[in-house]
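A.B. asks: Residue numbers (this note's numbering), protein chains in the order written: chain A, 1 to 82; chain B, 83 to 359.
Wrong hints could be hidden among the right ones.
In silico BS3-like pairs for lysine-lysine, Cα to Cα no more than 25 Å straight-line [stated by the list, open to error]:
| id | chain 1 | residue 1 | chain 2 | residue 2 |
| --- | --- | --- | --- | --- |
| 1 | A | LYS64 | A | LYS42 |
| 2 | B | LYS251 | A | LYS10 |
| 3 | A | LYS10 | B | LYS150 |
| 4 | B | LYS213 | A | LYS59 |
| 5 | A | LYS6 | B | LYS341 |
| 6 | B | LYS358 | A | LYS64 |
| 7 | A | LYS18 | B | LYS342 |
| 8 | A | LYS10 | A | LYS39 |
| 9 | A | LYS59 | B | LYS358 |
| 10 | B | LYS213 | B | LYS342 |
| 11 | A | LYS66 | A | LYS6 |
| 12 | B | LYS310 | A | LYS50 |
| 13 | A | LYS59 | B | LYS251 |
| 14 | B | LYS179 | B | LYS251 |
| 15 | B | LYS310 | B | LYS251 |
| 16 | A | LYS66 | B | LYS342 |
Hints listed in this document are in silico derivations from the structure and should not be mistaken for laboratory results.
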Amino acid sequence: MATTAKYLNKTERAACWKHRDSYFDCLTLNNEDANKCVKQFKDYEDSCPKAWVIHFLRKRSFDKMKEQMDKGFDPIDSKTKA
Amino acid sequence: MASIFSCVVRSTSTAGISAWRTNLSSVNRMIHKSPVTKANRVPCGCRRNLSTESPKLPQMPPEPGEGKSPVTWKSVGITLGLGGVFLAGMVYWKSIKDAAIEKEKVKTIGKASLGGEWELVDSTGKVRTDKDFHGQWILLYFGFTHCPDVCPEELEKIVEAVDLIDERKDIPNLQPIFITVDPERDTPKAVAEYIAEFSPKLIGMTGSVAQIEKVTRAFRVFFSAGPKDDDNDYIVDHSIITYLVGPDGYFVNYYGQNKKAHEIANDVRVQMAKFKM
């Protein structure tokens, strides 16, 4: 089955991860304001397959949520209270 | 006067048996006439005392309750106490033993049901089966070449563990094997390109969907291809486990993402030593 999905070798993978980390660091520094990290996001998007971009973003939000829950935050509670 | 004794008095006369018989009958008369009481009960072998003094009765053993006895409330208490401690010890020791047996049972059942027969195609296009690897220790990882980050990390770790084991000349070498859970995209050529960048020792396998299903079932590997995006790209969700397979082709132990390379190598050494026993 034909796919236009890009296959990344070791060097390309390393480059993708580097840009991903730059983008995420920028977000963390700027209180999740994506508008401040447009350049980093572009580099990230260019070096990683789309599926990976989404995958890493989802993983980051999931890890953040887990962190908050460890501190006692209950997402269900907050939703019903709102 | 006739003394009343309840024992048979042996005659020492020289008159012989007839004299003895006479004595016996007279004693019999005496026995039947007078009841035996505590007062006149004496052990046999006594000598008839012909004096009128009442003989001194030898000491009888004391009745229970009288005087000093080995059995007292204190001794009973101590015995019960010791018995209780002993019983508690037995129960505790037994429970530990039972737990160990249970653990072994589970371990043995777990061991028997993972692994077994499989047939795949390696990165050169050659057909390989589990039998090709009997006699070798294997470190097995299931992944796919389009994996974003986990598979490369795990494979680097596996290669490091393998090198640590292979350094030691006194133990068997470890064979690392990568098996794809994405047979659709991972052709032998794709697998060859992928594994080359980790180690020349690494063997990569792929196969038909049916062959991959068979081997993943044998090792209870979970895998599920995600939705395809515009580029027909997708991520395969899968369990992240490294399997240690023994020379008989069966599962020995597993290592999760949290285990570091040296921890894996240490455990492999232990398992190799245990297997010999």
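A.B. asks: All the hints need checking, so say for each whether the structure fits it.
C.D. replies: Hint by hint, here is what the structure shows:
no., hint, result
1, A/LYS64 / A/LYS42, "23 Å, holds"
2, B/LYS251 / A/LYS10, "31 Å, violated"
3, A/LYS10 / B/LYS150, "93 Å, violated"
4, B/LYS213 / A/LYS59, "40 Å, violated"
5, A/LYS6 / B/LYS341, "31 Å, violated"
6, B/LYS358 / A/LYS64, "47 Å, violated"
7, A/LYS18 / B/LYS342, "23 Å, holds"
8, A/LYS10 / A/LYS39, "24 Å, holds"
9, A/LYS59 / B/LYS358, "43 Å, violated"
10, B/LYS213 / B/LYS342, "29 Å, violated"
11, A/LYS66 / A/LYS6, "31 Å, violated"
12, B/LYS310 / A/LYS50, "11 Å, holds"
13, A/LYS59 / B/LYS251, "42 Å, violated"
14, B/LYS179 / B/LYS251, "37 Å, violated"
15, B/LYS310 / B/LYS251, "47 Å, violated"
16, A/LYS66 / B/LYS342, "23 Å, holds"
Of the numbered hints stated above, those contradicted by the structure are hints 2, 3, 4, 5, 6, 9, 10, 11, 13, 14, 15, listed in ascending order.
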